[in-house]
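> Here is how the chains run, residue by residue.
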Amino acid sequence: MTASMPRRRFLTLAGGGAAFALFGATGCGGEDAADGEFSVWVLQDENVNPVSQASLDRYNGAAEVKGVLQPEVNTGYRDKVHISIGTGQRPDVFFNWGGGSIRTYAREGLLEDLTPHLDGDPAFKNAFLPSVLDAGKIDGKFFGIPMRTMQPVHMFYNTKVFGEVGVEIPETWTQFLDVCEKLKSAGITPVALAGAQSWTELMWIEYLVERIGGAQVFADIAAGTAGAWQNPAIARAIDTTRSLVDSGVFGTNFAAVEWEGGAVQQVFSSGKAAMHLMGSWEYTTQLGSAPEFARDDLAWGPFPVIEDGAGAPDAVVGNPTNYFSVTKDSAHKDAAIAYLKQEMASEAYVDGLIAIGDVPAVADITDRLSGAGNPEFAAFVYDLVAKAPSFQLSWDQAVERELASPMLDAISQVFLGELDAAGFVKANEDAAA
Amino acid sequence: MSTAFEKVAAVRRGSRRAAATPRPNFLYILPAALFFGFFALLPLVLVVALSFTTWTGIGDPEAAGMENWSRLFSDEKVLAATRTTLFLTVLSWATQTPLSLLLGVWAAGRQRNRAVLSAVFFLPLLLSSAAIALMFHRFLDPNFGLAADLGPLIGFEDGNIIGTRGGALAAIVFVVGWQFVPFHTLIYQAAARNIPAVLYDAATIDGAGRWQAFRRITLPQLRNTVVTSSTLMIVGSLTFFETILLLTNGGPGIATHVLPFLMYRAGFEGYEFGYAATIATLLVVVGTTLSLLIVRFSGFAKMRSTLEGL
Amino acid sequence: MSTGARGRPNWLAGALTAVWLIVIAVPILSMISWSLQSQQDLLDHGPLAPPSSITFENFAAVMDMGFGRYMRNTLIVTGAGIALTLLLAIPAAYAVVRSRSLLASASFRVFLLGLAIPAQAVIIPVYLIITRMGLNDTLAAVILPTVAFNLPLVVLILSGSLRDISGELYDAMTVDGAGALRMLVSLVLPLSRGSITTVSVFVGLGAWNSFIFPLIFLHSPEKKVLTLGLQSFRQEFGINLPGMMMGVLLSALPVFVLYLFARRWLVAGLAGVGGK
Numbered sequence: 001m002t003a004s005m006p007r008r009r010f011l012t013l014a015g016g017g018a019a020f021a022l023f024g025a026t027g028c029g030g031e032d033a034a035d036g037e038f039s040v041w042v043l044q045d046e047n048v049n050p051v052s053q054a055s056l057d058r059y060n061g062a063a064e065v066k067g068v069l070q071p072e073v074n075t076g077y078r079d080k081v082h083i084s085i086g087t088g089q090r091p092d093v094f095f096n097w098g099g100g101s102i103r104t105y106a107r108e109g110l111l112e113d114l115t116p117h118l119d120g121d122p123a124f125k126n127a128f129l130p131s132v133l134d135a136g137k138i139d140g141k142f143f144g145i146p147m148r149t150m151q152p153v154h155m156f157y158n159t160k161v162f163g164e165v166g167v168e169i170p171e172t173w174t175q176f177l178d179v180c181e182k183l184k185s186a187g188i189t190p191v192a193l194a195g196a197q198s199w200t201e202l203m204w205i206e207y208l209v210e211r212i213g214g215a216q217v218f219a220d221i222a223a224g225t226a227g228a229w230q231n232p233a234i235a236r237a238i239d240t241t242r243s244l245v246d247s248g249v250f251g252t253n254f255a256a257v258e259w260e261g262g263a264v265q266q267v268f269s270s271g272k273a274a275m276h277l278m279g280s281w282e283y284t285t286q287l288g289s290a291p292e293f294a295r296d297d298l299a300w301g302p303f304p305v306i307e308d309g310a311g312a313p314d315a316v317v318g319n320p321t322n323y324f325s326v327t328k329d330s331a332h333k334d335a336a337i338a339y340l341k342q343e344m345a346s347e348a349y350v351d352g353l354i355a356i357g358d359v360p361a362v363a364d365i366t367d368r369l370s371g372a373g374n375p376e377f378a379a380f381v382y383d384l385v386a387k388a389p390s391f392q393l394s395w396d397q398a399v400e401r402e403l404a405s406p407m408l409d410a411i412s413q414v415f416l417g418e419l420d421a422a423g424f425v426k427a428n429e430d431a432a433a
Numbered sequence: 001m002s003t004a005f006e007k008v009a010a011v012r013r014g015s016r017r018a019a020a021t022p023r024p025n026f027l028y029i030l031p032a033a034l035f036f037g038f039f040a041l042l043p044l045v046l047v048v049a050l051s052f053t054t055w056t057g058i059g060d061p062e063a064a065g066m067e068n069w070s071r072l073f074s075d076e077k078v079l080a081a082t083r084t085t086l087f088l089t090v091l092s093w094a095t096q097t098p099l100s101l102l103l104g105v106w107a108a109g110r111q112r113n114r115a116v117l118s119a120v121f122f123l124p125l126l127l128s129s130a131a132i133a134l135m136f137h138r139f140l141d142p143n144f145g146l147a148a149d150l151g152p153l154i155g156f157e158d159g160n161i162i163g164t165r166g167g168a169l170a171a172i173v174f175v176v177g178w179q180f181v182p183f184h185t186l187i188y189q190a191a192a193r194n195i196p197a198v199l200y201d202a203a204t205i206d207g208a209g210r211w212q213a214f215r216r217i218t219l220p221q222l223r224n225t226v227v228t229s230s231t232l233m234i235v236g237s238l239t240f241f242e243t244i245l246l247l248t249n250g251g252p253g254i255a256t257h258v259l260p261f262l263m264y265r266a267g268f269e270g271y272e273f274g275y276a277a278t279i280a281t282l283l284v285v286v287g288t289t290l291s292l293l294i295v296r297f298s299g300f301a302k303m304r305s306t307l308e309g310l
Numbered sequence: 001m002s003t004g005a006r007g008r009p010n011w012l013a014g015a016l017t018a019v020w021l022i023v024i025a026v027p028i029l030s031m032i033s034w035s036l037q038s039q040q041d042l043l044d045h046g047p048l049a050p051p052s053s054i055t056f057e058n059f060a061a062v063m064d065m066g067f068g069r070y071m072r073n074t075l076i077v078t079g080a081g082i083a084l085t086l087l088l089a090i091p092a093a094y095a096v097v098r099s100r101s102l103l104a105s106a107s108f109r110v111f112l113l114g115l116a117i118p119a120q121a122v123i124i125p126v127y128l129i130i131t132r133m134g135l136n137d138t139l140a141a142v143i144l145p146t147v148a149f150n151l152p153l154v155v156l157i158l159s160g161s162l163r164d165i166s167g168e169l170y171d172a173m174t175v176d177g178a179g180a181l182r183m184l185v186s187l188v189l190p191l192s193r194g195s196i197t198t199v200s201v202f203v204g205l206g207a208w209n210s211f212i213f214p215l216i217f218l219h220s221p222e223k224k225v226l227t228l229g230l231q232s233f234r235q236e237f238g239i240n241l242p243g244m245m246m247g248v249l250l251s252a253l254p255v256f257v258l259y260l261f262a263r264r265w266l267v268a269g270l271a272g273v274g275g276k
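Protein chains in written order, with full-length UniProt numbering: chain A, 1 to 433; chain B, 1 to 310; chain C, 1 to 276.
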């Protein structure tokens with residue numbers, strides 16, 4: 001009998017908790033902006049959110065319809081957008097990754113076509129880097145306004161290892177292969193690769209295809225053109241990848257190395273491996289986890305040029321930027337667009353982004369980047385993109401959502417030696433069939 | 001309570017007929033039945049219905065006829081995942097059953113050291129599948145985990161266990177075994193303790209050794225327990241999904257893709273809920289068939305008596 | 001058992017248990033040892049070395065990352081899961097055993113059928129139902145289906161134990177003028193305390209460990225349960241392996257306490273599923 005009292009109280013408490021949770025559910029739909037306000041959905045991020053809020057404050061001051069910032073958690077954000085965009089609770093303006101993350105909505109007519117707004121206001125359109133603005137196009141139309149940092153993928157080098165082995169940072173593919181040989185002889189894994197996540201492997205395929213065949217090869221694939229995967233550049237890129245793997249450029253245990261959790265960063269910073277192909281965020285990550293390495297021994301550069309390739313030597317791949325899109329049925333569409341026009345390329349907003357370490361996709365800001373916390377790296381990233389004739393959005397973001405997983409599987413199988421070029425092409429064509 | 005017993009005595013003593021005992025009406029089971037119907041049976045019907053539709057999660061599902069089903073039957077990944085699912089199930093059963101049987105019978109002994117060790121063996125049961133998978137995920141890191149130190153001892157020179165096909169499958173069988181052997185040991189321990197000691201005494205008098213006693217008495221006496229434990233293992237093998245998602249995420253390549261994993265990915269990553277429902281239907285069919293086969297081969301009556309004897 | 005050859009050492013059993021002891025103890029000891037050292041310590045001395053100095057910084061880090069909130073949510077899911085299951089299953093089991101209604105026996109047969117439905121196989125339609133009810137990202141979204149899929153086994157176990165209550169006891173209460181409800185409250189409930197404990201532990205552990213339903217339904221950090229919290233620790237801790245391990249260790253602590261003080265219940269709840 002003595003034992004039953006606390007247990008009963010425990011159960012009552014727990015039951016009360018459940019009722020609370022149920023009650024909370026009904027209150028949940030009410031977070032939307034009230035009438036006469038437009039909602040701006042962004043990812044929860046303690047660095048960016050204040051900058052976004054400041055831009056809304058500036059806009060709201062003189063505006064009749066005011067904007068309300070609504071930060072959402074990263075995990076599940078896509079789902080939340082996906083669910084709400086199909087219901088009446090859709091946002092007016094929302095953060096997205098462009099490409100495949102909004103293609104379905106754009107095609108179903110759920111998003112406002114921003115092309116007329118950009119074409120009708122050349123000053124606004126020219127305020128952005130054209131390669132980045134173009135990367136957000138869907139079926140030839142603009143649906144997104146760049147709103148954050150650019151995240152191109154490029155090479156990182158451990159200069160300490162390079163110095164010890166006595167090799168120079170490679171600019172061409174021949175030099176790259178030569179460096180790999182020398183590193184291997186010295187007992188060092190040439191390239192760190194987090195092969196447990198196939199999107200890191202994808203970066204290699206993206207650059208090889210871009211350098212070998214040019215930007216059009218993948219543009220055709222993303223557009224769903226028949227036979228696009230058959231392009232010989234794909235086969236050559238896959239063959240090249242396989243020979244890299246076979247010759248031990250990525251070491252032997254890359255398939256078990258994690259990106260999530262930072263194992264690969266550590267392989268790279270500790271000098272077990274000498275090079276790393278990664279998004280520009282690698283710099284910030286290393287600065288956080290291995291500050292000494294990031295300060296003293298970390299160098300960066302563009303992906304090597306393949307001498308006989310058809311691609312532009314300056315082209316980049318990666319995540320051009322994040323975008324704001326406007327929903328078509330928004331009751332406050334005009335206010336939302338006015339906000340984007342006023343703020344997204346404004347001096348105050350751009351300076352705000354630079355101050356938190358972003359490299360915005362806005363034209364002619366080279367001198368302002370000196371105000372960044374890491375001016376040298378920021379300038380490199382900015383120049384890399386500014387002079388790039390094209391900026392290829394990561395394939396897994398660019399293709400139809402249901403094609404991404406099969407493609408990533410096939411890439412991972414290429415790295416494991418389970419698929420050759422023909423098998424890779426077939427796997428992707430089968431998925432699209 | 002005492003009054004109730006007095007009444008029983010009164011009823012027994014007296015010759016007077018007791019009035020008809022009030023019995024609960026169907027209202028007592030109705031809430032449970034409705035609840036179960038709404039959250040478990042309705043979904044079962046819906047999953048089949050959805051398999052004949054395309055649905056992206058936006059708007060309403062649209063009829064798609066046999067589209068998903070013809071895709072399912074030509075999808076090589078589904079075939080591969082079915083094979084992997086069965087392979088993992090059989091391998092797990094074949095390793096866990098002898099292990100937990102032997103450990104359970106051993107733990108049934110009342111010696112003090114056995115009690116202490118049993119308490120240690122019980123520990124994995126205190127961790128959730130997610131915690132266990134995440135823990136081993138860290139241990140299996142080829143550069144910084146236990147795999148770096150222990151891998152070479154078991155033939156993985158570079159610590160690359162989870163990045164190889166065989167290693168990843170073995171890792172899943174190991175981790176699942178680590179998690180569930182303690183549970184099945186517990187079941188066998190309880191059953192072994194119920195074997196009448198007199199049987200062993202008789203065998204000893206007959207001059208039977210330890211092995212003979214085990215073979216002639218312990219094993220036959222545990223037959224029903226083997227059936228129960230195997231059923232739980234095989235049906236439970238569907239829960240490999242969590243472990244796989246967190247431990248290998250289906251990799252390397254497609255080596256550890258199982259049916260629930262494909263279903264989850266098609267639905268919640270690809271937003272192809274119709275096709276996901278088709279894979280789910282296949283999963284229901286496979287799961288139910290497995291359970292029915294076990295019940296058929298082992299005798300339903302025994303199964304029921306084990307369950308009802310609780 | 002083992003009366004067969006008492007006294008003689010059993011080498012085979014000895015070897016097997018020794019190996020199994022290593023298999024169980026090495027990961028658990030490593031987990032505890034990792035969680036009590038610093039990242040640098042771990043990298044310097046390797047994964048198998050004991051910590052060179054003990055630190056509680058990982059504990060603070062885990063707490064900072066919302067561990068308490070995850071724990072609270074898990075407790076709500078577990079408690080509400082147990083309460084709702086019992087509320088539905090006890091009257092149902094009572095009706096199964098005592099009711100003459102055709103509906104009751106038909107329902108029971110449906111429950112038996114339900115034993116074979118794997119919850120994972122129907123997450124897609126459950127997702128459809130829950131989102132249409134507007135319950136996405138609430139704890140109720142996890143509690144309701146968890147309870148539903150527990151009902152068949154729980155009703156089966158409870159009705160099994162209710163069958164042991166002699167009919168004469170009911171007859172005796174009839175003499176007292178008791179109705180069906182009073183019999184449930186003052187006869188059935190007290191007499192099935194044992195099996196109610198068993199199913200509570202079983203349902204509680206299931207809810208405590210649940211992962212799939214939380215994974216598809218819970219998104220915001222304020223709603224996440226422990227298992228999901230651990231998953232996000234993997235990202236948030238980055239290269240901090242000890243932090244991750246501290247999360248794993250802490251997540252097991254409440255069950256460990258239960259194990260220390262109520263081992264018999266816990267074992268009964270677990271073994272209850274497999275038969276005694």
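Worth double-checking, as some hints may not be accurate.
[Unchecked claim] Short derived list, chain C residues pointing at chain A, Cβ under 8 Å:
(1) S30
(2) S33
(3) S52
(4) T131
(5) S220
(6) P221
(7) R234
[What the hints assert, rightly or not] Sample of chain B residues with no beta-carbon within 12 Å of chain C, all distances over it, derived:
(8) P43
(9) R83
(10) F87
(11) L88
(12) L102
(13) W106
(14) D141
(15) L150
(16) T164
(17) R210
(18) F240
No wet-lab data here; the hints were simulated from the structure.
For each residue, glycine too, the CB sits at the ideal point set by N, CA and C.
> Each hint should be assessed against the structure and marked as holding or not.
Taking the hints in turn, this is what the structure says about them:
For S30 (chain C), the shortest C-beta to C-beta distance to chain A is roughly 16 Å, which exceeds 8 Å, and the interface hint is violated. Annotation: interface hint on S33 (chain C) violated; nearest CB of chain A at approximately 19 Å, more than 8 Å. Among the interface hints, the one on S52 (chain C) is violated; its C-beta lies about 19 Å from the nearest C-beta in chain A, farther than the 8 Å criterion. Of the supplied interface hints, the one on T131 (chain C) holds, with its beta-carbon coming within about 6 Å of a beta-carbon of chain A, less than 8 Å.
Annotation: interface hint on S220 (chain C) holds; nearest CB of chain A at approximately 5 Å, less than 8 Å. Checking P221 (chain C) against chain A by beta carbon gives a least distance of about 6 Å; that is within 8 Å, so the hint holds. With a cut of 8 Å, the hint placing R234 (chain C) at the interface with chain A holds, because the nearest CB-to-CB distance is about 6 Å. A beta-carbon of chain C comes within 12 Å of the beta-carbon of P43 (chain B); the shortest separation is about 4 Å.
Non-interface status of R83 (chain B) relative to chain C is upheld: no Cβ of that chain comes within 12 Å, the nearest being about 18 Å off. With a least CB separation of 18 Å from chain C, F87 (chain B) remains clear of the 12 Å interface cut-off, as annotated. In this structure L88 (chain B) is separated from chain C by more than 12 Å, as the shortest Cβ-Cβ distance comes to about 15 Å. Taking the minimum C-beta to C-beta distance to chain C, about 6 Å, the non-interface status of L102 (chain B) is violated against the 12 Å cut.
Listed as a non-interface residue, W106 (chain B) fails to keep its Cβ farther than 12 Å from every Cβ of chain C; the least gap is roughly 5 Å. For D141 (chain B), the non-interface assignment is contradicted: its Cβ lies about 8 Å from the closest Cβ of chain C, within the 12 Å cut-off. Distance check on L150 (chain B): its Cβ comes as close as 8 Å (rounded) to a Cβ of chain C, failing to clear the 12 Å threshold; non-interface status is violated. Non-interface status of T164 (chain B) relative to chain C is upheld: no Cβ of that chain comes within 12 Å, the nearest being about 20 Å off.
The claim that R210 (chain B) is not at the interface with chain C is violated, since a C-beta of that chain comes within 12 Å of its own (minimum 4 Å). The beta carbon of F240 (chain B) is not kept farther than 12 Å from every beta carbon of chain C, the shortest such distance being approximately 10 Å.
Hints 1, 2, 3, 8, 12, 13, 14, 15, 17, 18 from the earlier list are contradicted by this structure; the remaining hints agree with it.
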